[in-house]
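Visitor: Here's the letter readout for the chains.
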Amino acid sequence: MSAWRAIGLVWWREIVTRGTSKAFLIASGLTLLLLTGVFIGPRLIPDEPEELKVGHVGAASEPIVATALVFAQFEDDVMLEALAFDTLEAAEMALEAGDIEALLVDDRELVTLGQGSFSNNRSASILQEAAAANAIEELVSDTGMAPEEVVGLLTSRPLEPRTLSGFDADDPIREIVAYAGLMLMYAAILMYGTWTLSGVTEEKANRVVEILISTVKPWHLLAGKVGGIGSLALVQFGLTVAYGLFLAGATGAVEIADIPVDSAGMVLLWFVLGFTIYAVMFAVVGSLVSRTEDAQSASTPVTIAAVASFMVTFVALNDPDGLTAQIATFVPFTAPYVVPVRFSLDAIAWWEVAASVVVTLVASVLLIRLAGRIYRGALLSYGARLKLRDAWASGTERRPT
Amino acid sequence: MLELRDLDKSYGRVQALRSCSFDVHPGRMLGFVGPNGAGKTTTMRCVFGLVKPDAGTVRWQGKGISSDDLLAFGYMPEQRGLYSKMRVADQVAYFGRLHGLDKATARTAASDWLTRLGLGERLSDRLEALSHGNQQRVQLATALVHDPVLLVLDEPFSGLDPLAAQTMSDVLRERAAAGTAVVFSSHQLDLVEDLCEDVAVIDDGAIVLQGELAALKRASAVRRLEVVTAGGETDWVDRLPDVLDVEHRHTGAEVLVDAARQPDELLAAIGEPIVSFRFSPPSLADLFREAVR
Numbered sequence: 001m002s003a004w005r006a007i008g009l010v011w012w013r014e015i016v017t018r019g020t021s022k023a024f025l026i027a028s029g030l031t032l033l034l035l036t037g038v039f040i041g042p043r044l045i046p047d048e049p050e051e052l053k054v055g056h057v058g059a060a061s062e063p064i065v066a067t068a069l070v071f072a073q074f075e076d077d078v079m080l081e082a083l084a085f086d087t088l089e090a091a092e093m094a095l096e097a098g099d100i101e102a103l104l105v106d107d108r109e110l111v112t113l114g115q116g117s118f119s120n121n122r123s124a125s126i127l128q129e130a131a132a133a134n135a136i137e138e139l140v141s142d143t144g145m146a147p148e149e150v151v152g153l154l155t156s157r158p159l160e161p162r163t164l165s166g167f168d169a170d171d172p173i174r175e176i177v178a179y180a181g182l183m184l185m186y187a188a189i190l191m192y193g194t195w196t197l198s199g200v201t202e203e204k205a206n207r208v209v210e211i212l213i214s215t216v217k218p219w220h221l222l223a224g225k226v227g228g229i230g231s232l233a234l235v236q237f238g239l240t241v242a243y244g245l246f247l248a249g250a251t252g253a254v255e256i257a258d259i260p261v262d263s264a265g266m267v268l269l270w271f272v273l274g275f276t277i278y279a280v281m282f283a284v285v286g287s288l289v290s291r292t293e294d295a296q297s298a299s300t301p302v303t304i305a306a307v308a309s310f311m312v313t314f315v316a317l318n319d320p321d322g323l324t325a326q327i328a329t330f331v332p333f334t335a336p337y338v339v340p341v342r343f344s345l346d347a348i349a350w351w352e353v354a355a356s357v358v359v360t361l362v363a364s365v366l367l368i369r370l371a372g373r374i375y376r377g378a379l380l381s382y383g384a385r386l387k388l389r390d391a392w393a394s395g396t397e398r399r400p401t
Numbered sequence: 402m403l404e405l406r407d408l409d410k411s412y413g414r415v416q417a418l419r420s421c422s423f424d425v426h427p428g429r430m431l432g433f434v435g436p437n438g439a440g441k442t443t444t445m446r447c448v449f450g451l452v453k454p455d456a457g458t459v460r461w462q463g464k465g466i467s468s469d470d471l472l473a474f475g476y477m478p479e480q481r482g483l484y485s486k487m488r489v490a491d492q493v494a495y496f497g498r499l500h501g502l503d504k505a506t507a508r509t510a511a512s513d514w515l516t517r518l519g520l521g522e523r524l525s526d527r528l529e530a531l532s533h534g535n536q537q538r539v540q541l542a543t544a545l546v547h548d549p550v551l552l553v554l555d556e557p558f559s560g561l562d563p564l565a566a567q568t569m570s571d572v573l574r575e576r577a578a579a580g581t582a583v584v585f586s587s588h589q590l591d592l593v594e595d596l597c598e599d600v601a602v603i604d605d606g607a608i609v610l611q612g613e614l615a616a617l618k619r620a621s622a623v624r625r626l627e628v629v630t631a632g633g634e635t636d637w638v639d640r641l642p643d644v645l646d647v648e649h650r651h652t653g654a655e656v657l658v659d660a661a662r663q664p665d666e667l668l669a670a671i672g673e674p675i676v677s678f679r680f681s682p683p684s685l686a687d688l689f690r691e692a693v694r
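Protein chains in written order, with this note's numbering: chain V, 1 to 401; chain F, 402 to 694.
Because the hints were derived from the structure by calculation, they are not lab data.
Accuracy of the hints is not assured; some may be wrong.
Computed list of lysine-lysine pairs in DSS-like fashion (alpha-carbon distance at most 30 Å, straight line) [stated by the list, open to error]:
| # | chain 1 | residue 1 | chain 2 | residue 2 |
| --- | --- | --- | --- | --- |
| 1 | V | K22 | F | K464 |
| 2 | F | K504 | F | K486 |
| 3 | F | K486 | V | K217 |
| 4 | V | K217 | F | K464 |
Since this is a predicted model, take the numbers as computed values, not measurements.
Work the whole structure out from these sequences, hints included.
Guide: Encoded structure:
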C-alpha cells in the first residue's frame with residue numbers, strides 16, 4: 001500500500017469520526033451562536049447619547065461655552081448641558097459632588113477632579129477644542145478670512161501622496177488584514193493544538209496502536225491524524241471567520257469588497273502553513289506520552305514556542321526590512337507570523353516568500369518523520385512519559401529482514 | 402511458511418529471547434505455550450517488526466518480511482484495543498481497508514465476519530456499547546477481515562466465556578483448513594491440545610520443545626496411566642515400578658510411568674480389582690511440565 005493511501009485512510013477516519021461526533025457539532029454550533037450574539041447583540045441595545053455636564057464661572061467663559069454647545073450638536077452620541085455658577089466655590093463644590101465633569105473658569109482655566117479614570121474626560125476635551133476654535137477665530141478675524149476657510153485649511157492635505165509600491169499609503173486595510181490574520185492564526189494554533197495533541201495520544205490510550213503499527217508506518221498514522229484533525233479545525237475555524245465576516249459585512253462593520261485579494265490570499269496560505277507546522281510540533285510531543293493526562297504538560301515547550309514566535313514577530317515588524325525580520329522569514333516557527341505582514345507592508349521579495357514556503361513545508365515533513373520515529377520508540381513503553389533521547393534511540397526498531 | 406530463526410533479544414540485562422526458532426506452516430495451527438514472561442509476546446511482536454531482534458531472522462515464504470507481506474498478515478495483540486467511539490462495522494471495515502481491501506469489499510467482509518461471530522445485530526453500535534466479550538469478537542474480526550495468509554494471535558482465548566471460546570476455536574480451525582498459517586499463544590493447554598497439530602514450548606526465552614504434537618507424544622519417554630480401583634484406594638501406586646509422577650484425584654490416581662513399561666505388566670503390579678484402566682501417551686500438560694521443569 002502506498003504511503004498516500006495509508007495517510008488518506010487515517011485522514012478520512014479522523015474527519016468522519018471526529019466531524020460527526022456530538023462534541024464537535026455542538027462546539028461548532030455554539031461558536032456560531034456566540035458570534036451571532038457578538039454582532040447582533042449590541043444592535044438590540046438602543047444607542048443612548050452620553051449626557052455631559054460642564055460648569056462655568058465668569059463672563060469670559062460664555063463664548064467658549066457657546067462654541068462647545070455648537071460642537072456638541074455635531075456629535076451624535078453626546079448631549080452637553082452647561083451650568084453657570086456665581087462663585088468659584090459653588091462651582092467647585094458641584095464638581096466635587098459629581099454634578100458636573102469639568103469646570104471652565106473665565107477663559108483661562110479648566111478644572112477637573114483629577115482622579116484616574118479609564119475613559120477620557122470628554123467634557124474637558126470639548127471645552128478645550130471650543131477654546132482653541134475661539135482663539136483661532138479671533139486670530140483670523142482681522143485677515144478677513146471666513147472661519148470655515150480656516151477650518152478647511154487646517155484639515156486639508158495640500159501635498160499629493162504617491163507610493164512606489166502603488167498601494168495607497170493612507171489605506172491601512174492591507175495591514176489590518178495581515179495583522180488580523182496573524183492574531184487569528186495565533187488563536188487557532190493555541191486553540192486547536194490541543195486537538196492534535198490529544199488525538200495523537202488516542203491510539204496509545206485506547207491501545208489500538210499495536211495492530212495499527214503492525215500495518216501502517218507510524219509517520220503515516222501521524223501525518224493522517226495531523227491532516228485530518230487539522231482539516232477539521234481549519235473547517236471549523238474557517239466557517240467561524242467566514243460567518244464573522246458575513247455578519248460584519250451585513251452589519252456594516254467591515255466593507256468586504258475593500259479587502260485586498262493578494263494580501264488576504266497570502267494570509268490564508270500562511271494560516272494553513274503555520275497551522276501545519278505547529279500541529280506537527282504538537283504531534284511530536286504527543287508521540288512522547290502515552291496518556292492524555294500527560295499530554296498537556298509535555299506540550300509546554302510548543303506553546304512557549306508559539307507565544308515567543310508571536311512576540312518576536314512584533315519586534316521584527318517594527319523594522320520589516322531589518323535583519324530580525326529577514327531571519328524570522330526563514331525560521332519555520334516565525335515565518336507564518338512574519339511573512340504575511342511583511343508582504344502586506346510590501347517589505348518582502350517574491351523569492352523570499354517562495355523560499356520560506358519551501359522551508360516551512362520541508363520542516364513540516366521532516367518533523368512528522370521525526371514524530372513517527374519517536375512514536376515508534378515510545379510505542380511499547382506504555383505508562384511513564386518517555387525521555388526524548390530514549391524514544392529516539394529505540395525508534396530505530398525496524399522491520400526484521 | 403513463517404520461519405523464525407535464532408531470534409535473540411535483550412532488554413538491558415534481561416534476555417527475553419535466546420536463539421528462538423520455530424516454523425508455522427500454511428494450513429496448520431501452532432500452539433505457542435510457555436510460562437508467563439517466557440518471551441511469547443516478544444516473539445510475536447518480532448513477526449510484525451514491533452520489536453527488532455538483536456540477532457536472527459523472521460522470514461515468510463523464504464524471504465524477509467516486506468510491507469506488503471504485513472498487509473496480508475492478521476494480528477491480535479495481547480494488548481487489546483480498538484476505537485471505542487467508532488461503530489463496529491465501520492471499525493472492522495477500516496482495518497480491512499488499511500490491509501489493502503477496497504471500500505466495497507471491506508464493508509462486505511466486515512459485515513460477514515461480524516455476523517459470523519454473532520454480532521450481526523450490533524453492526525451500527527459504537528464499540529463502547531458492547532460487552533467485553535463482544536469487544537473481543539470485534540477484535541478477532543479486525544484480524545480476520547482481510548482473509549490473512551498468516552494469523553498471529555496473542556492469548557486469543559483469555560477472558561472468553563465457554564461459548565465465545567467455542568466460536569473462536571471453530572473460526573481458527575476453519576481458517577487453518579482454508580490454508581491459513583495460524584499461530585496462537587495460550588495458557589489453556591487442553592485447548593491447544595484440541596486445536597493444534599503443532600506446538601512450540603518456550604521457556605526463559607528459549608524454545609525447549611517443538612514439533613508435531615502427535616509425534617512429540619509418541620516420542621516421549623513417559624506414558625500416562627489412569628486407574629480407578631473398586632476400593633477407591635490409591636496405595637497401588639506404591640507397588641508400580643518406575644513411577645515418575647503421581648496426581649491424586651478423588652476418584653483414583655493418575656501416574657506418569659516410564660514409556661518402556663507395558664500395560665499388562667502394570668496391570669499385574671496393581672493387583673486389585675479395577676473399575677477403569679487407561680494407558681496413553683502423555684498430555685500436552687505433561688510434555689509442558691517436563692519441558693519447562
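Visitor: For every hint, state whether the structure bears it out.
Guide: Hints, one by one, checked against the model:
1. Proximity of K22 (chain V) to K464 (chain F) is assessed by CA-CA distance (about 48 Å); at most 30 Å being required, the pair is judged violated.
2. A threshold of 30 Å between alpha carbons decides the hint, and for K504 (chain F) with K486 (chain F) the separation of about 21 Å falls inside it, so the pair holds.
3. Note on K486 (chain F) and K217 (chain V): the hinted pairing holds, with a Cα-Cα distance of about 23 Å set against a maximum of 30 Å.
4. Using a Cα cut-off of 30 Å, the hinted pair K217 (chain V) and K464 (chain F) holds, with the two alpha carbons roughly 20 Å apart.
Figure legend: structure checked against the earlier numbered hints; the only hint not met is number 1.
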